[in-house]
Amino acid sequence: MSVHDFWTPFALEPFINALIIGLSLASIWLVAALGLTIIYGTMGVINMAHGEFIMLGAYSAWVMQFFIGIPWLLCLPLSFFIVGGFGWLVERGLIRHLYDRPLDTLLATWGVSLVLVQSVRLIFGGEPQYIDVPDELSTVMNLGFIHIPWMRIFIFFVSLGLVAMTLAILFKTNMGIQIRAVMQNKEMAASFGINSKRVYGLAFAFGAGLAGISGAMFSGLKTIFPDMGLGYVVEAFLVVVTGGGEVLGSLATAGIMGELFSVFSYFTNDTFGRFVLFVLIVIFLRFRPQGIFTPSMARR
Amino acid sequence: MQLSLEDVTSYYGKTPILQNIDLGVAEGHCLAVLGRNGVGKTTLVRTIMGLTTRMTGRLSIAGEDATHKETHERSSAGVGFIPQGRGILPKFSVRENILLGTFARHDQKRAIPDMCLELFPYLAENLDKRAGQLSGGQQQQLSIARALATDPKILLLDEPTEGIQPNIVQEIEATIHRLNQEVGLTLVLTEQHIKIARELAHEFVIMDRGRIVVQGPIAELTDELVEEHLTI
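Going down the list, the protein sequences come from chains Z and B. Quick note on numbering: our numbering labels position 44 of the first sequence as 44, and the sequence is numbered without any gaps. Quick note on numbering: our numbering labels position 144 of the second sequence as 144, and the sequence is numbered without any gaps.
Possibly wrong hints are sitting among the right ones.
What the hints assert, rightly or not - Now the stretches of chain B that chain Z is said to cover, found in silico as 3 or more residues with beta-carbon under 8 Å:
id, region
1, 71-83
2, 103-116
Unchecked claim - Once the Cα atoms are required to be at most 30 Å apart in a straight line, the calculated DSS-like pairs of lysine-lysine come out as:
id, chain 1, residue 1, chain 2, residue 2
3, B, Lys195, Z, Lys197
4, B, Lys91, B, Lys109
5, B, Lys14, Z, Lys186
6, Z, Lys172, Z, Lys197
7, Z, Lys186, B, Lys109
8, B, Lys195, B, Lys129
9, Z, Lys172, B, Lys109
10, Z, Lys186, B, Lys153
11, B, Lys109, Z, Lys197
12, Z, Lys172, B, Lys129
13, B, Lys153, B, Lys69
14, B, Lys129, B, Lys153
15, B, Lys91, B, Lys69
16, B, Lys91, Z, Lys172
17, B, Lys14, Z, Lys197
18, B, Lys129, B, Lys69
19, B, Lys91, B, Lys129
20, B, Lys14, B, Lys91
21, Z, Lys197, B, Lys153
22, B, Lys109, B, Lys69
23, B, Lys109, B, Lys129
24, Z, Lys197, B, Lys91
25, Z, Lys186, Z, Lys197
26, Z, Lys186, B, Lys129
27, Z, Lys172, Z, Lys186
28, B, Lys14, B, Lys69
29, Z, Lys186, B, Lys69
30, B, Lys195, Z, Lys186
Calculated directly from the structure, the hints in this document are not laboratory data. Glycine is no exception: its CB is placed at the ideal position from the N, C-alpha and C atoms.
Using the sequences plus the hints, can you model the full thing?
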């Protein structure tokens, strides 16, 4: 392969299309990472089952549509509550007993992920499943030289909506002030009447619910299969770690990562683009391990 | 008794830090907890707040058994906490820090009580300022205001004058005196400054190696006792 084959020369129109795809990728990574951000930021729990929560959201949507006939758009909020409820049970039954033991939490959630994948494979089989989305979202928007599927536009705006909702809950509600207090200082929060166990349970359920709604949304973009969570969780973890476990950090990081990947992929290819992106993240974390916005003293 | 501890032993991990503590504080009284560094004063306050790993013995708050209550329940039972180092949440605004205290209130009022703003005019004028930007003395005022927002019956003050400028120390002392004498709050005060303890307290205990070695009315805190147990 010659250098000429490897390197794509710059051309304005395809480059702008690449930037738009970068935004779309960013929104997918952001929504996949949002629940993980809440769980890690609030509780310091590295939830290895997050990808499988996304998978559960996708299967919830599929089951609701295939067996009950619920329209896909209605499946999205319902998946939030189904996976959120499941997350609440996992927190009550397992995670709650392992706080302050991060390695055990990591192993336990990894165990949950294995159980979920195998359970879904046993119940529904390993073959890919498909979901019907509204016809309007199956077409492509053509705006001059810009071509982008409506589904990606939909995901982009729903992602922004979910971020706005999360920020509103965190900064405009009593539950939000309790969550942020526990994030900063669990002992102090408890010393002022806040039941940190209850806050942890709700935060875990909320994070799981966000994973559920993102999985249901991704089911409209790609096929559904038991291992699908792996395809999202690596980027989700990178977004959370680089973003410092904060919602605004994740928002910025997902945007930067999506655009960098898209630009590198445009000039070279997807594999090399991913390679360069991961190398840049490793270098960034070498010098700012606390994340993009977090002051160094506040590092976990 | 507004607060009583009977044969309390308290642990960090499996290690007992406080042993066989018996004490009581009458309603409206101020108890000074004295002792050299590392004798268990802060652990005593943290034990009352439920912040040690576990405790044995019996603890009661306002006549009710609180031995098995968790920290947030003790706060709701009427214990306000002003921790060593102030414990303010630096990313929160002044307003949010004070509102945090209201989560312990039974009346569910999520508004800053008038008394907090009246006692500390600087805080009233800077409610939207980030708490991390306040000076040490202002942070201590905020810590007291936050504890008052819980609508407490008992205030635990752990070294409230530590690391504060001398001119601000007098203000803090005057505020504590007012809370005890005018508002009628019961106080447990750990303090290194003997002069402040003598001015504020009705009773005292002296601790050594996790145990109470002397206790009595503050008038009985003689220079000989200070020399024997508190001088470095």
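Going through the hints against the structure:
As drawn, the region 71-83 of chain B meets chain Z at 6 residues by the rule of a beta-carbon pair under 8 Å; at three or more, the given contact holds. Requiring three or more residues with a Cβ within less than 8 Å of a Cβ of chain Z, the coverage given for the region 103-116 of chain B holds, as 4 such residues are present. For the hint pairing lysine 195/B with lysine 197/Z, the CA-to-CA distance comes to about 42 Å; that exceeds 30 Å, so the pair is violated. With a C-alpha separation of about 23 Å, the suggested pair lysine 91/B and lysine 109/B falls inside the 30 Å cut-off, and the hint holds.
Proposed proximity of lysine 14/B and lysine 186/Z is supported: the alpha carbons are some 22 Å apart, at most 30 Å. Taking the CA atoms of lysine 172/Z and lysine 197/Z, the gap is about 21 Å. The hint holds against a cut of 30 Å. For the suggested pair lysine 186/Z and lysine 109/B, the alpha carbons sit about 22 Å apart, so the restraint of at most 30 Å is met. At most 30 Å may separate the alpha-carbon atoms for a hinted pair to count; lysine 195/B and lysine 129/B exceed this at roughly 34 Å.
A C-alpha spacing of about 16 Å is found between lysine 172/Z and lysine 109/B, which places the hinted pair at or below 30 Å, so the restraint holds. Restraint check: the Cα-Cα separation between lysine 186/Z and lysine 153/B comes to about 23 Å, which is no more than 30 Å; the hinted pair holds. The hinted pair formed by lysine 109/B and lysine 197/Z meets the criterion: a straight-line CA distance of about 22 Å does not exceed 30 Å. Using a Cα cut-off of 30 Å, the hinted pair lysine 172/Z and lysine 129/B holds, with the two alpha carbons roughly 17 Å apart.
For a cut-off of 30 Å, the pair hint linking lysine 153/B to lysine 69/B stands: about 16 Å separates their Cα positions. Between lysine 129/B and lysine 153/B, the direct Cα distance comes to roughly 29 Å. Compliance with the 30 Å bound is thereby established for this hinted pair. A threshold of 30 Å between alpha carbons decides the hint, and for lysine 91/B with lysine 69/B the separation of about 29 Å falls inside it, so the pair holds. Between lysine 91/B and lysine 172/Z the alpha-carbon distance is near 15 Å, which keeps this suggested pair within the 30 Å criterion.
For the proposed pair lysine 14/B and lysine 197/Z, the alpha carbon gap of about 23 Å is at most 30 Å, so the pair holds. Our distance criterion of 30 Å between C-alpha atoms is broken by lysine 129/B and lysine 69/B, whose separation comes to about 34 Å. Between the alpha carbons of lysine 91/B and lysine 129/B the distance comes to roughly 10 Å, so the proposed pair stays at or under 30 Å and holds. Under the criterion of a C-alpha separation no larger than 30 Å, the hint pairing lysine 14/B with lysine 91/B is inconsistent with the structure, at around 34 Å.
The hinted pair formed by lysine 197/Z and lysine 153/B meets the criterion: a straight-line CA distance of about 25 Å does not exceed 30 Å. Taking the CA atoms of lysine 109/B and lysine 69/B, the gap is about 23 Å. The hint holds against a cut of 30 Å. Between lysine 109/B and lysine 129/B the alpha-carbon distance is near 22 Å, which keeps this suggested pair within the 30 Å criterion. Simply put, lysine 197/Z and lysine 91/B have alpha-carbon atoms about 22 Å apart, close enough for the 30 Å limit, and the pair holds.
A C-alpha spacing of about 10 Å is found between lysine 186/Z and lysine 197/Z, which places the hinted pair at or below 30 Å, so the restraint holds. The straight-line distance between the Cα atoms of lysine 186/Z and lysine 129/B is roughly 22 Å, inside the 30 Å bound, and the hint therefore holds. A hinted pair counts as satisfied when its Cα atoms are at most 30 Å apart, and lysine 172/Z with lysine 186/Z qualifies at roughly 20 Å. Our distance criterion of 30 Å between C-alpha atoms is met by lysine 14/B and lysine 69/B, whose separation comes to about 20 Å.
The suggested pairing of lysine 186/Z with lysine 69/B holds, with an alpha-carbon distance near 17 Å, which does not exceed 30 Å. For the hint pairing lysine 195/B with lysine 186/Z, the CA-to-CA distance comes to about 34 Å; that exceeds 30 Å, so the pair is violated.
In terms of the numbered hints stated before, the structure departs from hints 3, 8, 18, 20 and 30, listed from lowest to highest.
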